[in-house]
Every structure is written in C-alpha cells, then in structure tokens.
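Same order as they appear, the protein sequences are chains Y and X. According to the numbering used here, the first sequence is numbered sequentially starting from 1. According to the numbering used here, the second sequence is numbered sequentially starting from 1001.
These aren't lab readings, by the way, just hints derived from the structure by calculation. Positions of the beta carbon are idealized from the N, C-alpha and C atoms, including for glycine. Incorrect hints may have been included.
[Claimed, not checked] From chain X, some residues computed to sit far from chain Y (all C-beta separations above 12 Å): (1) Trp1031; (2) Glu1035; (3) Lys1074; (4) Val1108; (5) Lys1123; (6) Ala1133; (7) Ala1136; (8) Gln1140; (9) Ala1155; (10) Gly1193; (11) Pro1200; (12) Leu1232; (13) Gln1238; (14) Trp1302.
[Claimed, not checked] Reference excerpt, derived from the structure (chain X facing chain Y, CB under 8 Å, subset only): (15) Glu1137; (16) Met1139; (17) Thr1143; (18) Ser1151; (19) Asp1152; (20) Gln1159; (21) Ala1160; (22) Gly1161; (23) Thr1173; (24) Asp1188; (25) Asp1265; (26) Lys1266; (27) Leu1269; (28) Asn1272.
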Amino acid sequence: MQASTSKQSPLLNKHIPIVTRSVKGKFRNFKTAVMVVAYSVYFLLPWLPWSRNSAANQAVMFDLESRRFFIFDLIVYPQDIFWLAMLLFIAAAFLFFVTGLIGRAWCGYFCFQTLWSDLFILIEHKLQGERPARLRLKNQPWNAEKIAKVGGSHALMILVSFWTAMTFASYFSYAPQFVENFFTGQAAHAGYLTVLILTVTTYLAAGVIREHVCTVGCPYARFQGVMYEADTLAVSYDVKRGEGTSGRALPKAGLKTREERQAQGHGDCIDCGYCVQVCPTGIDIRDGLQYQCISCGLCIDACNNIMDSVGFPRGLIRYDSEHNLASDAPHKARLEWKRLKVWGYALALVVATGFLFYNIGTRSDTEVNVLQTRQPLFVVLSDGSYRNRYQIHIVNKTEHDEVYSVGVRGIPAESLNIGDIPEVRVRAGKSLTISARIDLSRELAKATQEFDFVIQPSSADVEPIVLPTNFYSKRDK
Amino acid sequence: MSQETKTNSGSNEPKSRVKKTGGVPSTGHSWDGIEELTNQLPRWWVWAFYLTAIFTVVYWLFYPAWPIGSTFTKGVPGLNSITYTATQVDGTQVEKTTHWNMRSKFMVEMNELHAAQKQWFDKVAATPFDEIAQDAELMQFVTSAGKTLFSDNCAPCHQAGGQGVIGFSPNLTDDHWQYGSSYAQIQDVIVHGRQGYMPPFKEIISDEEITQAANYVLSLSGEPHDAASAELGAKVFQSDTASCYACHGTDAKGKEGLGSANLTDKIWLWANIPEIENADEKLKAVKNIIAGGLNRGVMPAWEDRLKPDQIKLLTVYVHQGLGGGK
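Construct all of the structure, not just a fragment, from the sequences and the given hints.
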C-alpha cells in the first residue's frame, strides 16, 4: 500500500468545494439502481395500505402513541426490545463480514449520506450543467443566471430534504392524515419539530457539508478502515501498470501507443485526471488507499472509459487486493473468502439471524404477568383461612378482542375469585390488569407454598400459559 | 519567558519556524519554546458562537431572564404567556394568565391530566356500584386511581395496603366489616366517619366476673382458655348487669349498626391475641379491654374533604380493590 499524502485538516483550511464530473459505467449504473430501489422503498412504503383492526391501515407504522411498531403483519411491542438488539448485532456482523471481503461497500453504495449526496449532485448537474459549467458558475459574480441556477438547485435540494423529513415523520403516524394535518396546522408539535430538524440536517449534510460528513464526522467510515486486510478487495490503482518505471505521462506525440510508452518506461496512466474529477470526496486514488475513499467505484468507471478511448486494456483502477497488487505474478482479482475471519463473521451472522427469526416465529400472542400484592402479604379471614391477592396483567397482542379464561392449578378451582367481572375481555392490542384473590383454608394454606395460574385465550387453540405463583401464609414456628 | 521571547525574535529563527507551522505567523507569544500562532478559529465555531449570542436575545424576549432588585424581567408581555385554571381555597375556579414560568407550566399539565381523568371519574359517578365492579376496564381505573386516593387520605391510619394496625385501625383487606360490607354502608362510613365506643366495666362488674367474661371471649374464637371460667363468663355476658349482649348481640357476633365487634371470629382489632404466645397474657389483654373499655375507634368524616365522585371511587376501591368486601 502506498502511503497516502498527508493533508492539512480541512477544518482549519478554507473549504475547497468539490465539483464532480459525471461518469457512465457499470458502477454508476449499480449506484443508480440502488438509489432507485432505496428511494422507492423509503418514499413509498408509508403509503402502502394494510388492513388492520386496532390501528391505522398502514403497512409499516411505528406507532409511538400506542407503543407498538407495525411491520406488515408483525406487531412489535416494547417488550420485544430484545429484537432490536439482535437486529443491531446482525447489522454489525453483516457490516464486518462485507467490509472484510470487499471493503466499504456500505459507504459507497448504500449509506444515506452517499444516496442523498448523489441525488443532490444529480440536481446540480441537471440544473447547472457539467463540471466545467458549474466551476464557471462558481467563479462568476452573482448575476441573474447564477442566482437562478445555483439558487434553483439549492431550492430543489431543500424541497427534497423537506419531503425526506415528511416521509420519515410519516412512518410514525398515519401518513395521509399526517400530511393533511401538517399543512392545516393540526399536526403534533413533535411532528413539526421532526420535520424541521430533518429538513435542515438533510440539506446541510447532503447539500452543503457533503464529503466532510464522511471524512470528519462519521465514526463508521473510520472503523471500517480497521477491517481492511491485505486480502480485502479495495478500489485500487495498479501502480506497477500505471506508472511503469518512469512514471505516468501525458499521451504526447511519441507516447500514444502502449508499445511506445513501454519502450520509454512509462506506464498506462495518461494522467488525464478524470479519476480525480469524478471522485465525490475529491481524492486522487493513485495516491493509494486513503481514509477518505468511500469505495464508490466511480473512478473505476472513469478510468475504464479512458482506457477504452485510448485503446488500452481496462482495469488500471479496479477492485483488487493489496496482496495481489504487490505480488510478482498477479492473478485476476477474486473474492478471497477462505479466511478464518470471514467464516467467523458468516457464522455469527447465520446464528444471530436464525435466532432472531426463530424468536419472532415462535412469539406468543399473549403475555401474562402476575404481581403479588405485598401489603399485606397475606390476610387472615374470620374463619381462620388465608387470603393472598394478585394483580394479573394480560397483554393481547392479536388484532382482535380476546376473552381469556383465568384458572388455577394445584389448588381447588373455587379458591380463586376475580371479583364481579363477568369475563376477562382484552381489546385488540391492549392490556388489562385484573385483581385476583385466592382463599385457602388454614390446613390447605399450610400445605401450599406454590400453585399455578393458568391463562387461556378462548378463541385460539393454543397451549395455556402457566405461571407458577407463590402462596404465603403464617408458618408455624 | 521574556528571555525566551527574545531568543525567538532572533535573526534566522522565525523564518524556519514559519516553514514548520505551515506558513501561519506567530503572535510572538512563546512559553518554554511553545509558540502561539495566529490560526483562525474554525468558521463553524465562530458561527455557532454568533448564533448563541442571537439566541440569548431571543431568550430574553420570551422567558424570565434578568434579575432587577427584588424582581426580574418577565419577557415581552403577551409573547409567551401561559394560562391555567387554579382552584382557590373556597373551591371556586379561576383562570390565570401570567408570564411563562415553570410553576404555571406545571399547573397547565395538571389541568390537562385532570381533564384526561375526568371522563373516567364521570363514568364512575354515573354508574351504579355493582355495574362498576362488572366493568373490567373501569375497575382498572378504579384500582389505580383508588390506590392514589387511598395513599393520600387513608393510608396514614389504615396503612398503604389497607392492612390496618392492630390496636389502632381496622384491617380493610379481610372479610370482617364492623359497620357492614355493602357499598352503601362503606360509602356511609367514609362520608360521615365513625366513633366506636365501649364503656369500661371495672366499676360495673367484679374483677372475678371480668376474668370469667374474658375467658368466655377467648373461648368464642378458639383461643386457650379456662373452660369452667368461660362457662360462668357466658352468664356474665348475657346478664343484665354487664349486658355485653346489648351491643355484641346474644350470639356475640356483633351488630353492624353499632359497629360492635364480632367476638366469634379469628379477627382481632384491639388486642393482638393470636400473636401473644402465653395464655395468661392473652387473658390479661382481653381483661384490660373489658375493664378499661375503648374510646379509640375514631374515623373522621370525609364529606368535606373529598368530592362525591372521589368518595364513590374510594368506596369501590375499598370494597373490590382491597378485596375485603363480599
């Protein structure tokens, strides 16, 4: 690996804006495809209807008010916070797994910062023109043309940021209702605040701060660098081929063909600078692997186009491993997956994913907790028998009202009393707490230290929920 | 320090130093060879500083800020005022508008919470007792709101769980009710309060007769006693001299109208007989009560302190929530 040229921290220098040139190629196409899919999902998902009884008919809704997350037919309750932990673990293991294999693929193709920056650069390109036109605009004084073009693109960015924020907020509220309420001034304060903050941050991060988010602000960008190994496929410049023995050279007369160049010791790099111009973080990939590189592959596209036009073979900049590039007899770049670390992450990933899906698949529709009244722990009744009291909390996680039967096991059925409630009916997605008391005769109380509450949903043919519970009485000394 | 500065401002030094610091000139301040350069503050930092300065001015307009003598600036009137409903000592409610302050914000939140609770209290007020007990969701409210009301008003005597204190306040979680266990009777007790009274008998009957009566009382609830003495005690109990039966009933089961104790069950209010191990001590404790009488059973009336809907809710809570009512 070549040592990257150390540069002054951009914080202390005047910001040199990066104006990227557009490029065509397979990596650009891939990025565009990811963008289309990601934006389609993100912007349209809140508007997907889904038939639901206990909440709004929205396929994906994170309902904070009723403390339930609806994800199609899956309803996530606060008690399921464990799933979130598993999901984060899976995401982390997946990131490590991928980064060890092909570097910062997340950064280059999938990260929100990349996606929104890409979109905003596209806006600039469409409204202000290609790189030279944009540079010219930047340097010219503020006139009508500059105000219209630069102002227009920033206005459009703010508009996109606003709708990004609106969409985000729509995940937490019934989307059509929220949008209507928002514009009629009826939405909750939290809604307005969310939209404001996200509009501002989206616009600033993707429209103004751009690459500094990755180079200065983002911790993931930095720690992914640690996961690179010598066998990791990274966007690399083939120094041997590009520089030759006498360095890169412009294709002047006498240096046009490969044979002429090789005869004079010059490599294949014609120093056109196209790879630098297309780079969204403004680096020169020929300086070697650098922390600023988000591995988006645009320089590969740029270089391949140039190589095609001058008739040299493609792949002067390509995905390749440090090992392979340094070896005397390099083979074609390939995925080096036969490594302990890769297998380890893959195993962790499979186990965690399997565990999560098993857990979700076997979740219960009913959750019951029994809390014993501890003040007093027991009551002596007039005939000398003992009474213990309990609060039974039943959560109905189904989408329909459910009637539960509450019974006991290990003590006579008639010792249970749940007051005058005719039936234990819990509304869809709600919970209910009922008071129960157990009266046992003096003899039975002495012999009973534990019994079971048995809760059974009446409409579903499922195993009853059995809760072992303590019974307290005065013990003989 | 001054010496250092002198050497640093020597002939060739600064030039090479400028090179080392990337062209940033020195301020001339130098300590132990460490120099202060004229680097600009980061622009984002400077802007953030300006923004905080602007923020303070906006803050002064909206919120109480500057102390002036014994008072303080309250922000521009009307810009950020706060309106809440306050209940005065005589129970009348008044709307108050004031500059923004934490206490008023708290009052607004309390108003909102009371408004949210109101529908439930209204429902309790409009529903007959036995129908409240049959409504599982309403009972859920009664249990939680009742617990708060009970803790605020009743717990000092009856304890947090309603278990009472033997010798002081009755246990509300058991199945014995001196003044009756129906909703109406419990409500009546809360509204009007109660004062239990038992006269002292040491002037009325002899010590011998008190011992016999005490043995009889112990025998009624299966406690250790002298059977022969208890037999005589039964006669004392039913005699017109002592006339215990007049209050406790000829069957000694007490009378709800008077609030006299049921002497035949296992529940003891004034003397903790089951917990006393020595039979002589048990006898002594019962004798003490018969001889000295009781004038401690005072419960205050709550009609002037709690609203009718609160009393109704407490009635259901005591009857159903504490689990004692039948």
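Taking the hints in turn, this is what the structure says about them:
no. : hint    : in the structure
1   : Trp1031 : holds (22 Å)
2   : Glu1035 : holds (16 Å)
3   : Lys1074 : holds (24 Å)
4   : Val1108 : holds (14 Å)
5   : Lys1123 : holds (16 Å)
6   : Ala1133 : violated (4 Å)
7   : Ala1136 : violated (5 Å)
8   : Gln1140 : violated (5 Å)
9   : Ala1155 : violated (10 Å)
10  : Gly1193 : holds (24 Å)
11  : Pro1200 : holds (27 Å)
12  : Leu1232 : holds (26 Å)
13  : Gln1238 : holds (22 Å)
14  : Trp1302 : holds (22 Å)
15  : Glu1137 : holds (7 Å)
16  : Met1139 : holds (7 Å)
17  : Thr1143 : holds (6 Å)
18  : Ser1151 : violated (11 Å)
19  : Asp1152 : violated (16 Å)
20  : Gln1159 : holds (7 Å)
21  : Ala1160 : holds (5 Å)
22  : Gly1161 : holds (3 Å)
23  : Thr1173 : holds (5 Å)
24  : Asp1188 : violated (21 Å)
25  : Asp1265 : holds (3 Å)
26  : Lys1266 : holds (4 Å)
27  : Leu1269 : violated (12 Å)
28  : Asn1272 : violated (11 Å)
Violated hints, listed in ascending order, are 6, 7, 8, 9, 18, 19, 24, 27 and 28; each of the other numbered hints is respected by the structure.
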